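All chains should be built: construct the whole structure from the sequences, respecting the hints.
Chain order of the listed sequences is A and W. In terms of my numbering, the first sequence opens at residue 1 and continues consecutively. In terms of my numbering, the second sequence opens at residue 1 and continues consecutively.
Don't read these hints as lab results, they were simulated from the structure. All values reported here derive from a predicted model rather than from experimental measurement. Any given hint might turn out to be false.
[As the list claims (entries may be wrong)] With beta-carbon atoms standing in for the labels, derived distance ranges:
1. GLU304/W with ARG321/A: 19 to 29 angstroms
2. THR322/A with TRP85/W: 35 to 45 angstroms
3. GLU332/W with GLN378/A: 32 to 42 angstroms
4. PHE541/A with ALA197/W: 30 to 40 angstroms
5. ASP192/W with TRP509/A: 56 to 66 angstroms
6. ASP114/A with ASP308/W: 12 to 22 angstroms
7. ALA300/W with ASP75/A: 32 to 42 angstroms
Virtual Cβ for every residue (Gly too), placed ideally from N, Cα, C.
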Amino acid sequence: MRGRWPAGQKGARKSENIPSAVDTKTMHPTCLIRTLLVALALLFTTSSAFAQDVEALVNALPEGGYSDREKVIFDLAATGDERVAGLLDALGEGDLYVREEDGRVVAGKRAGRDYALTDALTGEELGTAPSSALEKIRVNNRLRRAVRSAIGQLTLMSPSPPVRLRAARSLLRNADPDSLELLGTALAAETDPQVKKMMETARAAIIIKTDAGIEEKAAAIDLLAARGDREALAMLTGAHSSAAPELQPVIERGIAGIERKLAMWDGLQNVWYGLSLGSVLLLAAIGLAITFGVMGVINMAHGEIVMLGAYTTFAVQQVIRTSFPGLFDYSLAIALPLAFLVTALVGIAIERGIIRWLYGRPLETLLATWGLSLFLQQTVRTIFGPNNREVGNPSWMSGAFDLAGLSITWNRLWIIVFALVVFAVLLAVLNRTPLGLQMRAVTQNRRMASSMGIRTPWVDAMTFGLGSGIAGMAGVALSQIDNVSPNLGQSYIIDSFMVVVFGGVGNLWGTLVGALTLGVANKFLEPYAGAVLAKIFILVFIILFIQRRPRGLFALKGRAVDA
Amino acid sequence: MSTRFTRRAVLAAALAGSVSLSAGISYAQEETIKVGVLHSLSGTMAISETTLKDTMLFLIDEQNKKGGLLGKKLEAVVVDPASDWPLFAEKARELISVDEVAAVFGCWTSVSRKSVLPVFEELNSILFYPVQYEGEESQRNVFYTGAAPNQQAIPAVDYLMNEEGVERWVLAGTDYVYPRTTNKILEQYLMDKGVAAEDIMINYTPFSHSDWQTIVSDIKAFGSAGKKTAVVSTINGDANVPFYKELANQGIAAEDIPVVAFSVGEEELAGIDTEPLVGHLAAWNYFQSVDTPENEDFIAKWREFIGDEDRVTNDPMEAHVVGFNLWVQAVEKAGTTDTDAVLDAIIGLETPNLTGGIAKMLPNHHITKPVLIGEIQDDGQFEVVWETEEVVPGDAWSDFLPESKMIEADWTAPISCGNYNTETKSCGGAS
Numbered sequence: 001m002r003g004r005w006p007a008g009q010k011g012a013r014k015s016e017n018i019p020s021a022v023d024t025k026t027m028h029p030t031c032l033i034r035t036l037l038v039a040l041a042l043l044f045t046t047s048s049a050f051a052q053d054v055e056a057l058v059n060a061l062p063e064g065g066y067s068d069r070e071k072v073i074f075d076l077a078a079t080g081d082e083r084v085a086g087l088l089d090a091l092g093e094g095d096l097y098v099r100e101e102d103g104r105v106v107a108g109k110r111a112g113r114d115y116a117l118t119d120a121l122t123g124e125e126l127g128t129a130p131s132s133a134l135e136k137i138r139v140n141n142r143l144r145r146a147v148r149s150a151i152g153q154l155t156l157m158s159p160s161p162p163v164r165l166r167a168a169r170s171l172l173r174n175a176d177p178d179s180l181e182l183l184g185t186a187l188a189a190e191t192d193p194q195v196k197k198m199m200e201t202a203r204a205a206i207i208i209k210t211d212a213g214i215e216e217k218a219a220a221i222d223l224l225a226a227r228g229d230r231e232a233l234a235m236l237t238g239a240h241s242s243a244a245p246e247l248q249p250v251i252e253r254g255i256a257g258i259e260r261k262l263a264m265w266d267g268l269q270n271v272w273y274g275l276s277l278g279s280v281l282l283l284a285a286i287g288l289a290i291t292f293g294v295m296g297v298i299n300m301a302h303g304e305i306v307m308l309g310a311y312t313t314f315a316v317q318q319v320i321r322t323s324f325p326g327l328f329d330y331s332l333a334i335a336l337p338l339a340f341l342v343t344a345l346v347g348i349a350i351e352r353g354i355i356r357w358l359y360g361r362p363l364e365t366l367l368a369t370w371g372l373s374l375f376l377q378q379t380v381r382t383i384f385g386p387n388n389r390e391v392g393n394p395s396w397m398s399g400a401f402d403l404a405g406l407s408i409t410w411n412r413l414w415i416i417v418f419a420l421v422v423f424a425v426l427l428a429v430l431n432r433t434p435l436g437l438q439m440r441a442v443t444q445n446r447r448m449a450s451s452m453g454i455r456t457p458w459v460d461a462m463t464f465g466l467g468s469g470i471a472g473m474a475g476v477a478l479s480q481i482d483n484v485s486p487n488l489g490q491s492y493i494i495d496s497f498m499v500v501v502f503g504g505v506g507n508l509w510g511t512l513v514g515a516l517t518l519g520v521a522n523k524f525l526e527p528y529a530g531a532v533l534a535k536i537f538i539l540v541f542i543i544l545f546i547q548r549r550p551r552g553l554f555a556l557k558g559r560a561v562d563a
Numbered sequence: 001m002s003t004r005f006t007r008r009a010v011l012a013a014a015l016a017g018s019v020s021l022s023a024g025i026s027y028a029q030e031e032t033i034k035v036g037v038l039h040s041l042s043g044t045m046a047i048s049e050t051t052l053k054d055t056m057l058f059l060i061d062e063q064n065k066k067g068g069l070l071g072k073k074l075e076a077v078v079v080d081p082a083s084d085w086p087l088f089a090e091k092a093r094e095l096i097s098v099d100e101v102a103a104v105f106g107c108w109t110s111v112s113r114k115s116v117l118p119v120f121e122e123l124n125s126i127l128f129y130p131v132q133y134e135g136e137e138s139q140r141n142v143f144y145t146g147a148a149p150n151q152q153a154i155p156a157v158d159y160l161m162n163e164e165g166v167e168r169w170v171l172a173g174t175d176y177v178y179p180r181t182t183n184k185i186l187e188q189y190l191m192d193k194g195v196a197a198e199d200i201m202i203n204y205t206p207f208s209h210s211d212w213q214t215i216v217s218d219i220k221a222f223g224s225a226g227k228k229t230a231v232v233s234t235i236n237g238d239a240n241v242p243f244y245k246e247l248a249n250q251g252i253a254a255e256d257i258p259v260v261a262f263s264v265g266e267e268e269l270a271g272i273d274t275e276p277l278v279g280h281l282a283a284w285n286y287f288q289s290v291d292t293p294e295n296e297d298f299i300a301k302w303r304e305f306i307g308d309e310d311r312v313t314n315d316p317m318e319a320h321v322v323g324f325n326l327w328v329q330a331v332e333k334a335g336t337t338d339t340d341a342v343l344d345a346i347i348g349l350e351t352p353n354l355t356g357g358i359a360k361m362l363p364n365h366h367i368t369k370p371v372l373i374g375e376i377q378d379d380g381q382f383e384v385v386w387e388t389e390e391v392v393p394g395d396a397w398s399d400f401l402p403e404s405k406m407i408e409a410d411w412t413a414p415i416s417c418g419n420y421n422t423e424t425k426s427c428g429g430a431s
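Below you can see the structure in the form of structure tokens.
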């Protein structure tokens, strides 16, 4: 069977039959019309002006296979028409459609259930249309690469520096020898230092691929080596095998230099990943630090309360998507208090309904809450279905930025910040508010507190509600990095107990230190031992540690101690 | 004493009454052919398997609309093994010996299949298994309607090698039998194709792994060696969403390092915003977006049955459609639902795949399928960018592993063996 796979061209062409036939049922008549139109347009262009030429090319975009389309893209780029950049950008994003009624190529942006249409070239508004009236112009990876390189070439002379910078970057990524001449012209006219540097790097990346002179190449290698990131490393390693013998040592020196630099940053990157994993553990465990740590309730349904928080986020986003799409970036801010309220109420109901009858009977509590966790899971499964639900990342939580040699993703950064804020607020509530005072009083000596006039059952309910509410807020954060499915809670329950037990039952600071320690330790083990073994090592370590110090890192007196 | 006696008498009478009542009901009803549905409706695997249960109900409903089978109505018997592997065996036993089903459609994970195998062998019943799996198995009572490795993994690797020019490979998987066996086959295959050992990185993660930062940045580092790199992902179930989210956040675009997945279909993508994932790939034998009259008809009827206009379809669903059609044909041909007769009748039967081509039941209990490579689109669907010219016959025992190269499965006379060793000419060749 090995010999049977078709070669490149054939595969692309064959597959092309499928997209163009996607809507055959509704499309037969318009297809004909469109072909006629294109034929007409082509007829006109042979005898008419330059602007017409671009339009004909645009109209030819939907025709033929991926390789035909690739050719059209290069032809479009070759016209040098300034409107083409926007058009290609839309094509690369998959926003170009053919309107079925007249076969016109339009750019469509989703607006509610319909698409807002504009002319692909001029940007003229064309009203809206439902998706059934549009046929998408499909692109694959090869076309996206072609689009990227074409846009790079087209926008290299743009008056706006950020656009030029982006253009230079895409030329750097593609490093296509054909763009060398263009780059030289652009470089001569460039004034912005940042853009100039990027262009020089792109030029260097291309030069080491061409058959330029040894000295020119050596200079290019030095320039890349000075850049010192992974991309430069990739280019140098790629050039190494085919380079002339006298250049080999220069390249090797460059590679060694970059690798030294990267190794240093790798350590820091690991610490960052560790802190980030630790903050997730902290978020998952901090609610449990209240219910289990302070109150001594073994709450196996803790994970499910986290899950309820995540589903609240989903519900909020669902309402926002259908009714107020403009508010999407604030969806998490809206979901946070709601999730706190919902889960705190559920928590209070659980405490009043089940747990208060079982104080002092840890085994029964364990079984009852475990049963409750199954109940909650199945309830959510019945209401929302067993599948994952899509919770989107607001724009300020997507993507990454580079800080020196570190690559930091926004969602992780915000989760660390959020975890620390939640921790600080919780600490303040426990130490600075009357509720916190009463909680600590009840925890330390229930009968004394009771005789001082504190309504201990009320305090119990409030404490459990607080712990659950915080678990719900953790769910909002976790929905940003994990699945929102009925099983969400299960994956965190063991980790949460591990953190609380390791940190010391009843001590919030212990939970913080415990979570961060476990996170960092896990991330330092992972590159050597692999993800599976790293988890096992951590578990073994905790078991041994608990043998040495049964009360965890920071032992504290509390109700659990009295019991 | 007397009160106890009367109480017992009342109880006995009530019992007798209920027995005769239920007997009466079953007489009043017309006789049916029972079909077992063994898919988890709760627990971890409910996410994938619930849809398959609905698919079976849908298929049985459709068949009954056509007048049933052998003049009788079909009746689905649904049980919930709750993602608990030993419970699969118990529930299978219950279906076969208590409910006396004619055939069972079910299982998703390989471990659940392995757990029910002895039951089907012992009680001599039939199982249709609809999920792509690691191969290296062929059992008399099981029909594998999902893809074997040569119908999914190998063509996908060929595509990346020929079309995308990939030279460096990351094989990332969840730590259990399917990814491990598949990666073993792939590693051997790549080595045979001349890929150096240092150009292959193999990585395993636990189930539901959610912190992908280190691994994704390792992939990034591995990809910066100046050679085109791709990731072959056998990551299963829940772990996919955080994996793809991390890929998107660390800015790994499909144009630079494409990821081809074997366990990510339309259902899994429903939980992710696919905008940043456009261009990553999946290899299956079915995509919802494939345009054939059979598929269009199936999607329309399925949506009507389930009452949801946006409900997606996926590859294992198609496997059930094909498996069910073949079973119906086999029963019609044999004129009975008797296991041995159906086992004999089904081999060589044909039914159209929903994606074109004909699915034929082979003597090794696998079927012929086309292989499709699709790119993820921003609407959560796949766009087919490549497909095999002809259907590919499923190969139970991989030809790329030295220990299974000489083993063939053939359940027709005279061999009638799931692991026939072509070198020693004897049955039982799997050492």
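Against the structure, the hints:
1. GLU304/W with ARG321/A: 19 to 29 angstroms: 26 angstroms, holds
2. THR322/A with TRP85/W: 35 to 45 angstroms: At 40 angstroms between Cβs, range holds.
3. GLU332/W with GLN378/A: 32 to 42 angstroms: 39 angstroms, holds
4. PHE541/A with ALA197/W: 30 to 40 angstroms: The hint (30 to 40 angstroms, Cβ to Cβ) holds, given that PHE541/A and ALA197/W are roughly 32 angstroms apart.
5. ASP192/W with TRP509/A: 56 to 66 angstroms: Because 57 angstroms falls inside the window, the suggested range holds.
6. ASP114/A with ASP308/W: 12 to 22 angstroms: 21 angstroms, holds
7. ALA300/W with ASP75/A: 32 to 42 angstroms: 40 angstroms, holds
Comparing the model with each earlier hint shows no violations; every hint is respected.
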